[in-house]
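Student: Chain by chain, the residues:
2 protein chains.
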Amino acid sequence: MKNTELLGKRLVKALEAVVRVDGNRTDAVQLHEPRFGGNESKYLEECLQSTFVSSVGPFVNRFERDLTEYTGSAYAVALVNGTSALHLALLLAGVQAHDEVLVPALTFVATANAVTYCGATPHFVDSEGQTLGMDARVLRSYLASTTDQLDGRCINRRTGRVIRAMLPMHTFGHPCDVEALIAVANEFAICVVEDAAESLGSTVGGRHTGTFGKLGTLSFNGNKTITTGGGGAILCNELELYKRAKHLSTTAKIPHAWSFEHDEIGFNYRMPNLNAALGCAQLEQLPSFLAAKRELFVAYADALRDTPEVTLVSERQGCQSNYWLHTLLLAPEYAHKRDEILNECHQAGIMCRPAWQLIHRLPMYLTAPQAPLTQSESLAARIINIPSSPWLADKSKS
Amino acid sequence: MKNTELLGKRLVKALEAVVRVDGNRTDAVQLHEPRFGGNESKYLEECLQSTFVSSVGPFVNRFERDLTEYTGSAYAVALVNGTSALHLALLLAGVQAHDEVLVPALTFVATANAVTYCGATPHFVDSEGQTLGMDARVLRSYLASTTDQLDGRCINRRTGRVIRAMLPMHTFGHPCDVEALIAVANEFAICVVEDAAESLGSTVGGRHTGTFGKLGTLSFNGNKTITTGGGGAILCNELELYKRAKHLSTTAKIPHAWSFEHDEIGFNYRMPNLNAALGCAQLEQLPSFLAAKRELFVAYADALRDTPEVTLVSERQGCQSNYWLHTLLLAPEYAHKRDEILNECHQAGIMCRPAWQLIHRLPMYLTAPQAPLTQSESLAARIINIPSSPWLADKSKS
Chain D
1 MKNTELLGKR LVKALEAVVR VDGNRTDAVQ LHEPRFGGNE SKYLEECLQS
51 TFVSSVGPFV NRFERDLTEY TGSAYAVALV NGTSALHLAL LLAGVQAHDE
101 VLVPALTFVA TANAVTYCGA TPHFVDSEGQ TLGMDARVLR SYLASTTDQL
151 DGRCINRRTG RVIRAMLPMH TFGHPCDVEA LIAVANEFAI CVVEDAAESL
201 GSTVGGRHTG TFGKLGTLSF NGNKTITTGG GGAILCNELE LYKRAKHLST
251 TAKIPHAWSF EHDEIGFNYR MPNLNAALGC AQLEQLPSFL AAKRELFVAY
301 ADALRDTPEV TLVSERQGCQ SNYWLHTLLL APEYAHKRDE ILNECHQAGI
351 MCRPAWQLIH RLPMYLTAPQ APLTQSESLA ARIINIPSSP WLADKSKS
Chain R
399 MKNTELLGKR LVKALEAVVR VDGNRTDAVQ LHEPRFGGNE SKYLEECLQS
449 TFVSSVGPFV NRFERDLTEY TGSAYAVALV NGTSALHLAL LLAGVQAHDE
499 VLVPALTFVA TANAVTYCGA TPHFVDSEGQ TLGMDARVLR SYLASTTDQL
549 DGRCINRRTG RVIRAMLPMH TFGHPCDVEA LIAVANEFAI CVVEDAAESL
599 GSTVGGRHTG TFGKLGTLSF NGNKTITTGG GGAILCNELE LYKRAKHLST
649 TAKIPHAWSF EHDEIGFNYR MPNLNAALGC AQLEQLPSFL AAKRELFVAY
699 ADALRDTPEV TLVSERQGCQ SNYWLHTLLL APEYAHKRDE ILNECHQAGI
749 MCRPAWQLIH RLPMYLTAPQ APLTQSESLA ARIINIPSSP WLADKSKS
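Those sequence lines, one after another, are chains D and R. When we follow the numbering used here, the leftmost residue of the first sequence carries the number 1, and every step to the right adds one. When we follow the numbering used here, the leftmost residue of the second sequence carries the number 399, and every step to the right adds one.
Read the hints as simulated data drawn from the structure, not as lab findings. A few of these clues could be false.
Rough simulated footprint, nothing fancy, chain R against chain D, three-plus residues with beta-carbon under 8 Å [claimed, not checked]: (1) 30–39; (2) 273–279; (3) 350–363.
Model, not experiment: these values are computed from the prediction. Positions of the beta carbon are idealized from the N, C-alpha and C atoms, including for glycine.
Bound conformation, chain D alone:
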């Protein structure tokens, strides 16, 4: 049995062995930084020269096409950020005011906020230990005991509201069991919108995350695997949904040479061509980023071999994780050491972070409906994300 007093120091040493290989780096090691080593400058310059920097332009078209090719989705719509993608995807899934949407308690706040923007209410459900995503088995029995089917809709027996959609999220890039979740959704007549904000490059059975649900969403925020500055996208396979996504994201304007007619409440949600130019260059480098992040996983796994108090979260069988944020899970008996470890890491200049505060504990969601959240509570207390920039494992670049 190790001396638990020293866990923080031992962890710092293990992480340092990976992220400070040359012994000379003294600057803080960030959690996740972008790198612009490809055609970024070239494409930005091309974009300026074309004068098309705004919401139409060839880079937007190309970025959308590149995304469909990479993910295998029939359609992609580039948007201003991942939050707007979630909002729009939920509207397209038919979420209406006073509906409920099943959302993991363990996710970034934007997942729940997007539900609120629709006038609907998030209904928090539990996650499972292996994937950190929504637990299909637990969800099935929860829905069986708390909902009724009425006219082909799923009704929350306690609130009387329609549970219209579920929003599984691939936590830190690790694929959740989206196929099992879709099976549950189909049983209960619930629509699936897949929050793949963190999982560009992650697959389940060779199929890209975000392409299983009726709609999926991506994010290209500055801390993501690739970035457009700010940006997001909707993925979908139905032409009709694609057309509606384009229409609603461009203020619902009816195309015309000069006339300004709009036929419904729309949004200003299109990605500017400038940001898409950056995205095109970044997407070209995604395979190399992913390979480097896998190397980093191997390096961490090796360095943490003698630290049985933590588990390094790995992809489950049949899946590929993009390893967006490498994740340590403290054994339950060491959960109380989390903040001590975080402080130790920060003092050593290694930027680690805990999971988000569980959303049902945030003041604005205290009264939202919720399932038992035992596993989410346990996980949230034990998660530590560690530095995950792709080049950290690349000894030639450190």
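Following the hints, put chain R in place on chain D, whose structure we already have.
Tutor: Only chain R this time, still in chain D's reference frame:
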């Protein structure tokens, strides 16, 4: 009396005399195009090198500081677009679900949509002929005859709802009579949010538009006087509003080295540093853009001297217009010629456009409350915007 059959052809000839001075230009003359002749490439490259391309970064801070210096506003918050700026400004002005907000019928649809995003209802009011903006005199008598004061709030007698705010807009950059409108607002206990999306560089009595109301909003869309690709900003003079704008636009996250706590429903509305880098370079050139647009006004005024059927809209006394979109107003007896003229111009490769469809005529706003809109109807039928890119008057650059 001129031959009205030929009005379209005579107008085309007058416009061509300005926009095709060298006689060789055969490409279509767009309504408004951006130009990147300053530090755009340099700042974008600096932004890439810094790796800060997302929602924090030195260019965002600098762009906000430059905006306060230019406009004289105490604070500026750079946001993802003008629509998000309007939405957030209305929330900060206290607009709540089921409120009404006074909005000109003659404006871009985003003005009304932003009200709808708050769960409130736009209440359409009339514009006046000289400024194309909300008519203060008509509004005062309308409010006097249709509203009651109750506990310091303005109540629409017909609907029973609170009229919480008004949203005057500076149409095509021409300043509306914002001081008279604020006087009316004060009389009736209504808050003023100023939609200066189109009027960066326009002043009233030497004071910048967007700084008169409790909050003001700007837009830097690709078709505006300066562009950030997509972008907008909130202007305000109260520290508390500024802090709330920053907080709500960054998902209401409580600042902390690693913890993710959010204390209310927030938004992902911050402008990325990449877009702010473009904005800094564009703002440096704003004075030269404005000077060139004034030259263009003079050239148009000269070319249209012998076309009494149209009036070129000019700034009213004591105001400076940025002349974002140069505007022709057909005399009422020629209103029926508008589409014929637009077709003639398009065929000649001169991209002109009419006013937006009046918002109360769009299907989603047909049932919204409205004042008599006689003047708006008349103006909308007679407005034609003509090419307004700043360099069109610069003979050395054509």
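Student: Taking the hints in turn, state whether each one holds.
Tutor: So, going through the hints one by one against the coordinates:
no., hint, in the structure
1, 30–39, "holds (count 4)"
2, 273–279, "holds (count 4)"
3, 350–363, "holds (count 9)"
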